[in-house]
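Dock chain B against chain A, hints included.
Here is what each chain is made of, one letter per residue.
2 protein chains.
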Amino acid sequence: MSTPAAADVTERLTRFVAASRWEDVPEKARHEAKRSLVNFFATALGGCTDAAVGHLVTVLSAFSGPPSASVVGRRERMDALSAACVNAAAGNVLDFDDTHIPTVIHPTAPVAPALLALAELRPLSGREVLHAFVLGVDVECRLGNAVSPAHYDRGWHITSTCGVFGAAAAAGKAIGLDAPRLRAALGIASAQSSGLVETLGSMAKSVGVGGAARGGLLAALLAEKGLTGPERPIEGPRAFAAVMGDRPKLSAVTDGLGGRWEILANTYKPYPCGVVLNPVIDACLELRRRQAIDPARIRRAVVRGNPLLAARADRPNVTTGREAQVSAQHSVAASLLWGEAGVAQFSDAAVRDPAVLAARSKVVVEQDPAIPVEAAIVTVERIDGATATVTIDHAKGSLAHPLSDADLEAKFRALVAHGGSGIDPEPLIEALWSLDRMDDASRILRLAAPA
Amino acid sequence: MSTPAAADVTERLTRFVAASRWEDVPEKARHEAKRSLVNFFATALGGCTDAAVGHLVTVLSAFSGPPSASVVGRRERMDALSAACVNAAAGNVLDFDDTHIPTVIHPTAPVAPALLALAELRPLSGREVLHAFVLGVDVECRLGNAVSPAHYDRGWHITSTCGVFGAAAAAGKAIGLDAPRLRAALGIASAQSSGLVETLGSMAKSVGVGGAARGGLLAALLAEKGLTGPERPIEGPRAFAAVMGDRPKLSAVTDGLGGRWEILANTYKPYPCGVVLNPVIDACLELRRRQAIDPARIRRAVVRGNPLLAARADRPNVTTGREAQVSAQHSVAASLLWGEAGVAQFSDAAVRDPAVLAARSKVVVEQDPAIPVEAAIVTVERIDGATATVTIDHAKGSLAHPLSDADLEAKFRALVAHGGSGIDPEPLIEALWSLDRMDDASRILRLAAPA
Chain A
0 MSTPAAADVT
10 ERLTRFVAAS
20 RWEDVPEKAR
30 HEAKRSLVNF
40 FATALGGCTD
50 AAVGHLVTVL
60 SAFSGPPSAS
70 VVGRRERMDA
80 LSAACVNAAA
90 GNVLDFDDTH
100 IPTVIHPTAP
110 VAPALLALAE
120 LRPLSGREVL
130 HAFVLGVDVE
140 CRLGNAVSPA
150 HYDRGWHITS
160 TCGVFGAAAA
170 AGKAIGLDAP
180 RLRAALGIAS
190 AQSSGLVETL
200 GSMAKSVGVG
210 GAARGGLLAA
220 LLAEKGLTGP
230 ERPIEGPRAF
240 AAVMGDRPKL
250 SAVTDGLGGR
260 WEILANTYKP
270 YPCGVVLNPV
280 IDACLELRRR
290 QAIDPARIRR
300 AVVRGNPLLA
310 ARADRPNVTT
320 GREAQVSAQH
330 SVAASLLWGE
340 AGVAQFSDAA
350 VRDPAVLAAR
360 SKVVVEQDPA
370 IPVEAAIVTV
380 ERIDGATATV
390 TIDHAKGSLA
400 HPLSDADLEA
410 KFRALVAHGG
420 SGIDPEPLIE
430 ALWSLDRMDD
440 ASRILRLAAP
450 A
Chain B
0 MSTPAAADVT
10 ERLTRFVAAS
20 RWEDVPEKAR
30 HEAKRSLVNF
40 FATALGGCTD
50 AAVGHLVTVL
60 SAFSGPPSAS
70 VVGRRERMDA
80 LSAACVNAAA
90 GNVLDFDDTH
100 IPTVIHPTAP
110 VAPALLALAE
120 LRPLSGREVL
130 HAFVLGVDVE
140 CRLGNAVSPA
150 HYDRGWHITS
160 TCGVFGAAAA
170 AGKAIGLDAP
180 RLRAALGIAS
190 AQSSGLVETL
200 GSMAKSVGVG
210 GAARGGLLAA
220 LLAEKGLTGP
230 ERPIEGPRAF
240 AAVMGDRPKL
250 SAVTDGLGGR
260 WEILANTYKP
270 YPCGVVLNPV
280 IDACLELRRR
290 QAIDPARIRR
300 AVVRGNPLLA
310 ARADRPNVTT
320 GREAQVSAQH
330 SVAASLLWGE
340 AGVAQFSDAA
350 VRDPAVLAAR
360 SKVVVEQDPA
370 IPVEAAIVTV
380 ERIDGATATV
390 TIDHAKGSLA
400 HPLSDADLEA
410 KFRALVAHGG
420 SGIDPEPLIE
430 ALWSLDRMDD
440 ASRILRLAAP
450 A
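These protein sequences, in sequence, are chains A and B. Quick note on numbering that gives the first Met the number 0: the first sequence kicks off at 0 and runs consecutively. Quick note on numbering that gives the first Met the number 0: the second sequence kicks off at 0 and runs consecutively.
These are calculated hints, taken from the structure and not from any lab test. Predicted model, so just to flag it, every value in this text is computed and none were measured. Be careful, since some hints might not be right.
It does not matter which identical chain is used: a pair holds within one copy or between any two.
Simulated pairs of lysine to aspartate or glutamate, EDC-like, Cα-Cα distance not exceeding 20 Å [to be verified]: (1) 224 / 75; (2) 224 / 49; (3) 33 / 425; (4) 361 / 322; (5) 33 / 429; (6) 33 / 23; (7) 27 / 435; (8) 395 / 406; (9) 33 / 22; (10) 395 / 339; (11) 33 / 438; (12) 248 / 7; (13) 361 / 285.
Bound-form chain A, shown alone (with noise of 0.2 Å):
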C-alpha cells in the first residue's frame, strides 16, 4: 500500500466521513462505542456535582439560550451548544475517563457530549448517534496519531485541541454535511483548537476540554450555513499539524482508514489516578485479598516500577485529592489499608486521613528500566520479618486486561451513587447497551437527568 500523500489528508478524511455507512463499522467497534459511551455516563454523573462543573453551569446558564438541552445528572437545562461544554467538563473533571492508548486522548468527553446536545435538538436515531461517534473518534485520534507524542510533550493537552475536531466531524456526520461542508467544518475546528498542560490541576482545564465539545459542535453548524474554512486545515502550511505539531507524521491521519478503528484502541481506568498507577494498584488490592493487612504491622511497602511510574508518581507528601491522583505512596497506603482504589479514596478528606498519612510514610519506589510501564511488582514487608511480593505484568483497564462490561458497569454504579444526582442508574445502563435499537437517541438524555 503506498504512503498517502500528505497534501491531501483533508480531502480524504472528509471523503470518508461522508461516505462512510453504519453497515461499515463492525460490530467489535459498535460495541466499544457503546462502552465508551457507559464509561462516559458514569464518569459524567460522578463529576457532575464538582465545583467547576457547578461554575460552568453557573456562569453559562445566565447566558444560555432556549434550554433544549439535558446537562447530565443535572436537573439544569441549557441550550446546546452551553450542555455540550458542560457535560464535556463533567465526563473529564475526575480523569476517570478513557484513555485512547497511542495518544492519551481521552475521546469521549469531547465528542459525546456535542452529540448528545445535538440529539435533543434534532431526530437521531442511537445509530446515527453510535455511528457519527465511532467517526469523530476515528478522526480525533487520527489526529492525535499524526502530532504524538512530540504535541504533548510540548505541552498540549491533546484531549482539547485534538477533541475539537472530533467533535466537529462527528456533528458533522450527525447532520449529514457531505464532503466540503466537513471540510469546511474541521476548518472552523482549527481556529478554536486550543489547551494546554500547564491547565492540568485547575478547574481551568474544564475550559478547554468543555470548549472543544462545544466548539465542534458550532463548527458543524456554522459549516452547514455556508461559513467557509481554509481549503487544508490539516496539512496546510500554517495549518494544525505544520503549527501545533513538531515532525508531524501526516499520514497517520490517513492510513488504514476504514480499516483499523481508534476506537478500537480505547480503554477505560479501573481507579481515578495516573495510568502510571494501574498496576500498583492492582498488586495491593491483590495483596490485600491475599491476607488482611494491619498497617500497623508493616514495616514498608516497596514499589518497584519503570523509571516512568518514579517520574509521575513518587510523591510522598500530598495534601489533597488532585495530589493523591499522581502519588504511588497515597495509591499504596489506600488500597492496602481500605482494600478500594475508588473516587472515595481519592478525596480530599481521604488524603487526610490519619491511617492513611501513617501508611504514605512506609512506602518506597524504585526504579527498575528492565519493568515495562504497565508493569509493577510490590512487596509489603511486616515488621516480624515476613514479606509477600505481588507482580502485575498487564494493569486491569489496559488493552491486553481490560475493564470488562460488568466492570464497566460497577464503575457506573459506584460512580452514579459518588455523583449524587440520584439517578436510577439501571435503566440508563441498559438503554446504552442497546442504543443502537434506540429510535430516539434522546431518551438517552432524559434517563441521564433528574426529573
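Frame of chain A; chain B shown alone:
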C-alpha cells in the same frame, strides 16, 4: 533597571492591572484608546453585513440567552458572550482594523467587544471602559511582544491567540477582579488561546477572532465566580509562552510596565489591504492628484519596493476582492484609475471591472533591498515616453505618519456608508471622542445599533 525574573511575570502583570488607576494612564494613551475605538466602530459598522458575520449571527442567535447586548450595526440583540463574539468578528472581518506595529496584532477587535458587551450587563462608566481597554491592550500586546516574531511566523494568528488574554484582562479589570482572580482569568484564557494563520482568507478567521473576545469575557466571569487556573499561565513550563512561543522573551511581558503603553504603538489603516501596500497606494494617489491619468495612454507602471513587498503582494492575476487586498497590481491599477482606495475599490465587482483588469496587466513589481519596508517608489511611463515618479518614505497610517483624528472620522463615515446599517455616524463619533465623560458607557452601543 534589572531584568525581571521570568518566573513571576503573571504575578507582576496581574498586580499591575489590579492596582492601576485611571490617573496613572497618560493623556496620550487615553486619546489613543479613543482613536482605537473610533477605528473599531468604523470597521465593525463596515463589516457588520459581511457574510461571515451574518452566519455567526444566524447560528449563535438560535442558542442565545437574554438579549442584553447590542450587535454593532444590526437589529439583532444577543446575550453578552455571543455579542462579544459577533462584534469582534465584525470589527476584524474587512482586514481594515488597527495594527500594533511591533506584533501585527489587531488589538481592538478582541478586547473592545468584551468590554462593550459587559457595559450593557453591568453599570460601567466611559472612563472605566477606556481604562480597562488600555490595560487589556497592554496585556495582549505585551504577550505578543514576548513571542514575536516567531509566533506569527510559525502560523499563529496572533490577534486571536493573544487577544483572548487581553479580553480577559480588560473584562477582569472592568468587573474589579483582584490580582489572584485576574491570574485565574488569564489561566482560563490560556485554555482557550487559539487561531491559525491558515484560516486567514476564509471565514473561519472570524470564528477565531470572535472566540477570543467571547473567551476572554467568559474567563473573567468564571474567575469572578471562583473557577481556578494554573499559577503561571504565561511563564509555566507547559504554559502559553513555552508551548505557543519559540524562544519567547518573557521579560518583554513586564519591561517598562506602567511606563510604556502599548496602545501608543497602535496604528490605523488608510486602505483596506495589506500594510505593505500602503506606500504604494500613497504614491499612486499622489500621481493621480498631480494629473489626471488616462489608462489608455499608460505604457506601464513600475513599483519598486523592499523584497517583502514582492513576496507578499506581487500578484498580477486576482479574481476576488480578498485576493486583491494583497495584490500590488490591483492596488496600483485601482488607485490610478479611480483616485480612491477604499472598500469599494477592493470589492469583487471592482476586481472584475474590465478597465482595472486592463490596467493591472501594465503593472510591474521590482525589488530593491535598499528600499525600507515602509517605503515605495512608483513610476508611471506614458506611451508618449513621458514619465512621472513619486517616492513615499513613510506611508500614511504608519507610526511616523499616523492618520489624523479627521482622517479617522472620514474613514468612519465611509465605512458606515459601506456597511449599510443606516445608523447616523455623527452622534457616535461625537460620543466616542467624549467617552471619558460619559456616565453610562452602554450609550455607545445604543448609538451603534439601528433603532
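Now for the hints, and whether the structure bears them out:
For the homomeric pair residue 224 and residue 75, the shortest alpha-carbon distance between copies (18 Å) is at most 20 Å, but the shortest distance inside one copy (29 Å) is not. In this assembly of identical chains, the alpha carbons of residue 224 and residue 49 lie at most 20 Å apart only when taken from different copies (14 Å versus 36 Å within one copy). With identical chains, the CA atoms of residue 33 and residue 425 are at most 20 Å apart within one copy only, with a shortest distance of 15 Å there and 61 Å across copies. For the homomeric pair residue 361 and residue 322, the shortest alpha-carbon distance inside one copy (18 Å) is at most 20 Å, but the shortest distance between copies (69 Å) is not.
In this homomeric assembly, residue 33 and residue 429 come within 20 Å of each other (Cα to Cα) only inside a single copy, at 11 Å, whereas the closest approach across copies is 61 Å. Taking identical chains as interchangeable, the C-alpha atoms of residue 33 and residue 23 lie at most 20 Å apart only when both belong to the same chain, with a minimum of 17 Å there against 59 Å between chains. When the C-alpha separation of residue 27 and residue 435 is checked against a cutoff of 20 Å, the pair qualifies only within one copy, where the shortest distance is 13 Å, while the shortest distance between copies is 66 Å. Only within a single protomer do residue 395 and residue 406 lie at most 20 Å apart by alpha-carbon distance; the minimum there is 10 Å, versus 70 Å between protomers.
For the homomeric pair residue 33 and residue 22, the shortest alpha-carbon distance inside one copy (16 Å) is at most 20 Å, but the shortest distance between copies (61 Å) is not. For the identical chains of this complex, residue 395 and residue 339 are intra-copy neighbours only, at 14 Å inside a copy versus 72 Å across copies, given an alpha-carbon limit of 20 Å. For the identical chains of this complex, residue 33 and residue 438 are intra-copy neighbours only, at 16 Å inside a copy versus 57 Å across copies, given an alpha-carbon limit of 20 Å. In this assembly of identical chains, residue 248 and residue 7 lie within 20 Å of each other by CA distance solely inside one copy; the values are 13 Å within and 36 Å between copies.
Taking the shortest alpha-carbon separations for residue 361 and residue 285, only the intra-copy value of 19 Å comes in at or below 20 Å, while the best inter-copy value is 84 Å.
Every hint, counting from the list given before, is met by this structure.
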